[in-house]
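Chemist: Spelled out from the first residue to the last, the chains are:
Protein chains: 4
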Amino acid sequence: MTQIVGHFIDGEVVEDSSRTQDVFDPALGEVATQVALASKDTVEMAIASAQKAFPEWRNTPPLKRARIMFRFKELLEENRDKICHLLGKEHGKILHDAAGELQRGIENVEYACGAPELLKGEYSKNAGPNVDSWSELQSIGVVAGITPFNFPAMVPMWMFPLAIVCGNCFILKPSERNPSAPLFLAQLLHQAGLPKGVLNVVNGDKQAVDAILEDKRVKAVSFVGSTPIAEHIYTKATASGKRCQALGGAKNHAIIMPDADMDNAVNQLLGAAFGSSGERCMALSVVVAVGDKAADALIEKMTTAMQSLKVGVFDNTDNDFGPVITKQHQEKVVGYIDSAEADGAQIVVDGRDLKVEGYEKGYFVGATLIDNVQAEMDSYKAEIFGPVLQVMRVESMEQAMQLINDHEYGNGTCIFTRDGEAARYFSDNIEVGMVGINVPLPVPVAYHSFGGWKRSLFGDLSAYGPDGVKFYTKRKTITQRWPSSGVREGASFAFPS
Amino acid sequence: MTQIVGHFIDGEVVEDSSRTQDVFDPALGEVATQVALASKDTVEMAIASAQKAFPEWRNTPPLKRARIMFRFKELLEENRDKICHLLGKEHGKILHDAAGELQRGIENVEYACGAPELLKGEYSKNAGPNVDSWSELQSIGVVAGITPFNFPAMVPMWMFPLAIVCGNCFILKPSERNPSAPLFLAQLLHQAGLPKGVLNVVNGDKQAVDAILEDKRVKAVSFVGSTPIAEHIYTKATASGKRCQALGGAKNHAIIMPDADMDNAVNQLLGAAFGSSGERCMALSVVVAVGDKAADALIEKMTTAMQSLKVGVFDNTDNDFGPVITKQHQEKVVGYIDSAEADGAQIVVDGRDLKVEGYEKGYFVGATLIDNVQAEMDSYKAEIFGPVLQVMRVESMEQAMQLINDHEYGNGTCIFTRDGEAARYFSDNIEVGMVGINVPLPVPVAYHSFGGWKRSLFGDLSAYGPDGVKFYTKRKTITQRWPSSGVREGASFAFPS
Amino acid sequence: MTQIVGHFIDGEVVEDSSRTQDVFDPALGEVATQVALASKDTVEMAIASAQKAFPEWRNTPPLKRARIMFRFKELLEENRDKICHLLGKEHGKILHDAAGELQRGIENVEYACGAPELLKGEYSKNAGPNVDSWSELQSIGVVAGITPFNFPAMVPMWMFPLAIVCGNCFILKPSERNPSAPLFLAQLLHQAGLPKGVLNVVNGDKQAVDAILEDKRVKAVSFVGSTPIAEHIYTKATASGKRCQALGGAKNHAIIMPDADMDNAVNQLLGAAFGSSGERCMALSVVVAVGDKAADALIEKMTTAMQSLKVGVFDNTDNDFGPVITKQHQEKVVGYIDSAEADGAQIVVDGRDLKVEGYEKGYFVGATLIDNVQAEMDSYKAEIFGPVLQVMRVESMEQAMQLINDHEYGNGTCIFTRDGEAARYFSDNIEVGMVGINVPLPVPVAYHSFGGWKRSLFGDLSAYGPDGVKFYTKRKTITQRWPSSGVREGASFAFPS
Amino acid sequence: MTQIVGHFIDGEVVEDSSRTQDVFDPALGEVATQVALASKDTVEMAIASAQKAFPEWRNTPPLKRARIMFRFKELLEENRDKICHLLGKEHGKILHDAAGELQRGIENVEYACGAPELLKGEYSKNAGPNVDSWSELQSIGVVAGITPFNFPAMVPMWMFPLAIVCGNCFILKPSERNPSAPLFLAQLLHQAGLPKGVLNVVNGDKQAVDAILEDKRVKAVSFVGSTPIAEHIYTKATASGKRCQALGGAKNHAIIMPDADMDNAVNQLLGAAFGSSGERCMALSVVVAVGDKAADALIEKMTTAMQSLKVGVFDNTDNDFGPVITKQHQEKVVGYIDSAEADGAQIVVDGRDLKVEGYEKGYFVGATLIDNVQAEMDSYKAEIFGPVLQVMRVESMEQAMQLINDHEYGNGTCIFTRDGEAARYFSDNIEVGMVGINVPLPVPVAYHSFGGWKRSLFGDLSAYGPDGVKFYTKRKTITQRWPSSGVREGASFAFPS
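Chains as they are written, first to last, in this note's numbering: chain A, 1 to 497; chain B, 1 to 497; chain C, 1 to 497; chain D, 1 to 497.
Pulled out of the complex, with its shape left as it was, chain A reads as follows (with noise of 0.2 Å):
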């Protein structure tokens, strides 16, 4: 019999049963649990609550904001294991690969800790004679995240710790799929010293998403998904004034020059393209080899580093990576492998059929390599967000940075090489705001900060790090002159003391 997951409003778990939907464990292909779909009215309750936090948040000084994210840190370690049970039993991610999200997650909260220094203005003696000017990064108010199934506790953390820490409210709309370990993060926050009404969490689905969009006390909107429902937020939170960075889908190249240390390579593609079944936006889809010699060892060295990939359950931490996250995700990502092969590439390993000794209903697909894939396949044209790489065959590094410039997303790309230049003319020249050398999946650290190009995101700052300060504060500028004064002059014996 399943429990239902919750909202966290004002402070409290608000158990608001009217409308619901199945959450499920996508190893057992069974329900797990069922999740509250928040009406307009529960919304509104958590618009509510933020709002009446905010004059007092926003006077709290940034280092006793900072205080509550050092405790908050400090219970996430404590609480590792229960986190990382809660992701792996609804998104599928093996524990390790759960204790990597949070780590992520926790960092965020480790930059957050730096407010006092991270909203320092800047001032100007004398901009003119006697006159003085600063700028302070104030609070917006009451800001929104809407979040996806695919990182359910480290997305989130690249939103509100730095979002709150600056001194806003925050109402988190979470993936419905896997809402559990997100309620708990803002339990966490809350017994971290947080004052209610400071963080809210609302599951639900559209409804909960036009709730906050349409709601004019709400100033700003960050959100993580699929780029058609990214531009759609941008539009629609642009229209009614509201500030928004809507970061979207990907599709994220590897180039191998002939000068690569192919092991090396093929050792971290491993990990890059299947890890968290190739669920995460800066997953490693499409290998672009330099050279026929190139993809020919690429494609031999792969092909046997495949065999060891276990697949399976969470919690055993022997598996490399589970199940994708629905019955209709997994068809989806069979489909685009049926879809490669009928248009003429080559299924290197194929995981399609792959069956997991006693979840036979879980929703697996096996690690798949492709080979010879080309430009006008619908496989590599779209986002498959699965356990699948796919080999492209190029004469040379300019073909092969033109395929990535053409491609309609921009997020990540990574190049192997031994070679300065040959790094310098790709980080400087490719259409990718983030870039690896060597380094396959080249996610900023917490400290700088996480940004597609293209229609990978719509916004003009990227997500967390010092572009997430300047997203959830507004600037002030403040110009000041003071008249001569009969206090400094002396008038002042006079004055009424």
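Take the hints with a grain of salt, since some may be wrong.
Residues of chain B clear of chain D, computed beta-carbon distances all greater than 12 Å [to be verified]: (1) Q34; (2) P62; (3) L63; (4) E117; (5) Q187; (6) E214; (7) P258; (8) K327; (9) D353; (10) G358; (11) M397; (12) A422; (13) V487.
PhoX-like mimics (lysine-lysine), calculated; alpha carbons at most 20 Å apart, straight line [claimed, not checked]: (14) K454/C / K236/D; (15) K219/B / K236/B; (16) K196/A / K52/A; (17) K236/A / K236/B; (18) K236/B / K454/A; (19) K52/D / K216/D; (20) K454/B / K219/A; (21) K216/A / K454/B; (22) K219/D / K454/C; (23) K236/A / K196/B; (24) K216/A / K40/A; (25) K361/B / K327/B; (26) K332/B / K381/B; (27) K454/D / K219/C.
Derived by calculation from the structure, the hints in this document are not laboratory data.
Cβ atoms here follow ideal geometry from the backbone N, Cα and C, with glycine treated the same way.
On the provided structure of chain A, position chains B, C and D as indicated by the hints.
Modeler: Leaving out everything else, chains B, C and D in the frame of chain A:
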């Protein structure tokens, strides 16, 4: 017989005269010249020129780009008289006011000269073991600016020097009311050494604007104008995936505290309210006096001070301000004074029937002072954009601040006081982006950024200064690890030299 | 029977008892324990340990170094009571005062947690054509800190957390008056995960100091103490090629303007003058009243307020302050009061004959207020470092500022006023490094930097905060161009794989 | 008959001829002019002038100070030919080399134009509840620069533009070998609008230097010269309480890796080793070849390339370099070549007996290449400061780096390689402050900072760029809280207006 003001495309003036519009001399009330109105084709030609110039320009070192701005500053100073004359002739502002406008524009050019400093990224050694990570602020590509009639030189220079020095190519669509000055600026910048195509000017109306907004090659749009248009531009530009900052209208209040140095305040307000006929988005159009004693003193001193104001033609520098921009605008301003009167406010000084000898057809409105204005009057709600100062009377500083915070706009505001705590409380809690303490026009200097709050700015980055650099660049983050190297370890001796 | 307080070298407490010195409990006036005095050999052993630990520590990613500081903060909070007790026992300060000291130390640890942000270098793409340049803030090596008796926990924590998180190895030579707290801090930091050798503590006297100053392996020295010693340390350290920042004495003045909120000022001054028995380099020891009216009011209110001050032993938290550090220091403080009296000043409140019941041998001096002090008196020229507040009377703000600017020291100062212009004029023109506006102890928060002017600081970088990062790192600038590459251009196909 | 080069004090050239010294034309080997040698009185007059100018200059807004630098840049460009001629005549460097020197100087002026940006302090709102805190970078006062003969224009411009734009008044003591160019620079800066007294030039010898170092009114000293003098200046200046940065000698090594592009390397080394006759602190004077194959290739190609080098008089721009500075210096350089030969090194190309037709008395030394140099040779240990390139042969990159790290100096260094990992390992671990990757003269651009390590720089802040701003300003931190205010709360209605 008038000459046609053309476009500036690919380094040359293009006299495309298929569609034209009259440009008036507002002091004479006569047609001064005509301006070409660009067709969609003309706009696309300009964009194509910019697109072509981009690859080389983005690769030009920032220091070299900055040196063109150093030279541009020299040319602006050498051509000061000519530029001021163009401004006066087509806008009506007095030469000393035009010189002030130009000077604020030059300050933005000076700031742009610091490009090598401003474009520094952040470098993190050992982001992980032997992994380095850094950010680059890369050029965006083709970007556009759409600018208003009231600062034909300054507002374009808020935009194009910084955009260009950041490695972008720029399309300027200035106001069709006074196109000569911006066209001349573009010519000077080319004289300073700018490669052709890097800055293009297209004159035009809604057709040109729509062509810019709809073109996928334009990556960013900066706009300054009225709020309804700003909102439209922002919604349309963001919906087509561009980044956009759109600055709109204003209603800037000054609070006069009982302890203010009243002579100083009156002196400051005179220029802030009536300078440039009040046609400034930072004009001080409302004074809120705290206590009747302050209000009475203000009215009395202001009435006296206004006697000496001189209104007339731009090239007589004894004049304090000139005409408003058009006949229609003159009527609109007078209409607001009428409506205030009808609504029960007192017209203390009445500028409605002003006649300027020798310029009887000019669009003049005299300086006007209105007392006992109430929040529900139309004259209070709207941005009048004329030489009209309205006085409101309140009992407390809190009431004064509430008025400001309740208004639709949040561009600029000011308080007159000698008291440190009043100033700090005001600047902290007022919902306005640019705040003056005894400074009635708190326009941030060029090395800070300009931006209002609420419906005065759409977007998350302010204009010019540090925010301008962010707006005109996009972040790229590189993460780099070098695999162990034969060269370093000595295997390299066998290396083919 | 007393135990000996040893050193902490290479991760272990070293009980080197060849030379020792008594450590007193100043409230009891009795020996509390003994401290080992390091020989030159012991110091060199510590330096050798640090030197050995350096290569691995400098290569540890800043994020990992920072995480040890996160854990150190937790341990400091868990051990708050023990640390405060150690401070109270050997220094005499009341537990609430000790808690305040510890809290300021923890703030510096919190700042150090931001190391990844603080250590960012600056990256310039295209410093020349295809030439990039960036700066790194590299670790220096072995650095040392020599710290005073008055803040046995805080001043060391101004230094070692930041130095260590910047990748350096640290030798701490704390005051031999109260060595137990710093030793315990070192143990906690190792408990937090610091590798052995990265922090070593050597107790000792001039022999230890000289060994540090003369050792070529020590690259930088931070010192806090009296001005004559600071000057000696600075001269000696720089002559041996080290970088050095040496903070010395102070004589901090507050100006009371006629418009000051006198109740607030008195309330603030009480703690600032007498807290910690005035044994603070930021203690407020002189009040300059502008006008006799202000002076008379100040004297009257201060006299009344001082009635309620309680002096006694550290673990009775009803007490306001405790004894001074030694018998000799007690005599020195009393001597200055005597000399002021002899020079003609009025002893308004006299703390010379204070007896504390049950602690008759304790080194107590009661809170003392002296009026009509003159600039030529010895009690004015010297830093008394006791609970003595001297009042001077002047006719104007200019006279008050002249007094301050003429004094040898320039550590901290403060003005009490409500007037914006007086405050701005004061802060602009006063020759003092740390300035308070209605804040009597303007100690910069941990994310700003601490440093006096004139003979209060020798060196060009202040302590802790942003300047601390500069002091504990050395700049390396890399300029990079890659020659055109066979790999990129395709020659690479022939490359031996 | 020669004219005397005087001083520039209080805005005027002072021709104080009591003591003079010959200035030579090194190509002719004849006296070109004479320079006045300042007495202590003359230096004190200059300091007094600076002291007098300081109060007004520090209060001049940074933007206004910067505008004088904008104008100074224009004048430098207009007077380029004259300055280069002065440099060539008294130093001997060829006009194109002089133009390069001037250009690097101008870059520092361009950087100084950014003063309003560079002088921003940090502003922290709510450092505590209702407490704000910010930092100001205040001017120091009178500061001095002592500069060497080898860059008579550039090195002074590393110092005075930045010092002055930071609000200081400057005393320049240039080399007495070539005083005409710096004197002319001072005149140009005054022509640009600098108030008199803000920059003073005193020519002189040790007497002038000592007068500067001993004067208490001088608050900071920047020095560039040889290491023994640098150390003396640093010790003396710091002992008298001044801040000091003293840049000394160098021995800059290039490592040639086996994979280097040898043609490119040779081409680069030619200029880096022999340009300006090797009289540069960043001259590349040692090449360390890894492997005999690389060494042999290097020697062969370098020998060939050196054939085409032309040596002669400055105003024939076909020449590559000119004479060394004095007869004595010529003898010293030749002596080092002799000693290398005596110690067993091979003189591959010998420049000792060079005669230049028409300039038989000139102080010429031809380009010299020496192979098989060993670490214990005098010619290796010392800084030769002549057109002499020494080659060392090692077996591995580690050996090459060990050589560099063992050398007394740590100014500049460079590696030639195509390999990313070799470059990264080198730049990370080499004990040198300025590192080139395929860039033989890694002089940081003006918006980074110049500073060597080890005995190449005494002090903790590098020259020019961001560190220069720190060096020429002192931090003031203000902490502000306003007590609750009658004015804000309405009591103020009774306020006397």
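Chemist: Does each hint fit the structure? Answer for all of them.
Modeler: Verification of the hints:
1. Q34: holds (38 Å)
2. P62: Its Cβ does come within 12 Å of chain D, the nearest being 9 Å, so this is violated.
3. L63: Violated: least Cβ distance 7 Å, not greater than 12 Å.
4. E117: violated (5 Å)
5. Q187: holds (21 Å)
6. E214: Non-interface label on E214/B holds, nearest chain D Cβ at 37 Å vs cutoff 12 Å.
7. P258: violated (5 Å)
8. K327: K327/B clear of chain D: closest Cβ-Cβ about 40 Å, beyond 12 Å.
9. D353: holds (34 Å)
10. G358: holds (39 Å)
11. M397: At roughly 5 Å from the nearest Cβ of chain D, M397/B sits no farther out than 12 Å, so the non-interface label is violated.
12. A422: violated (4 Å)
13. V487: violated (4 Å)
14. K454/C / K236/D: holds (18 Å)
15. K219/B / K236/B: holds (13 Å)
16. K196/A / K52/A: holds (10 Å)
17. K236/A / K236/B: Holds, because 11 Å separates the two Cα atoms, which is no more than 20 Å.
18. K236/B / K454/A: With Cα atoms ~18 Å apart, K236/B and K454/A stay inside 20 Å; holds.
19. K52/D / K216/D: holds (15 Å)
20. K454/B / K219/A: Between K454/B and K219/A the Cα gap is close to 10 Å, so the pair holds against 20 Å.
21. K216/A / K454/B: With a Cα-Cα distance of about 11 Å, the restraint between K216/A and K454/B holds, given a limit of 20 Å.
22. K219/D / K454/C: Answer holds: K219/D to K454/C is near 10 Å, not above 20 Å.
23. K236/A / K196/B: violated (38 Å)
24. K216/A / K40/A: holds (14 Å)
25. K361/B / K327/B: Measuring from Cα to Cα gives roughly 9 Å; hence the hint holds.
26. K332/B / K381/B: With a Cα-Cα distance of about 14 Å, the restraint between K332/B and K381/B holds, given a limit of 20 Å.
27. K454/D / K219/C: Holds. K454/D to K219/C sits at ~10 Å (cutoff 20 Å).
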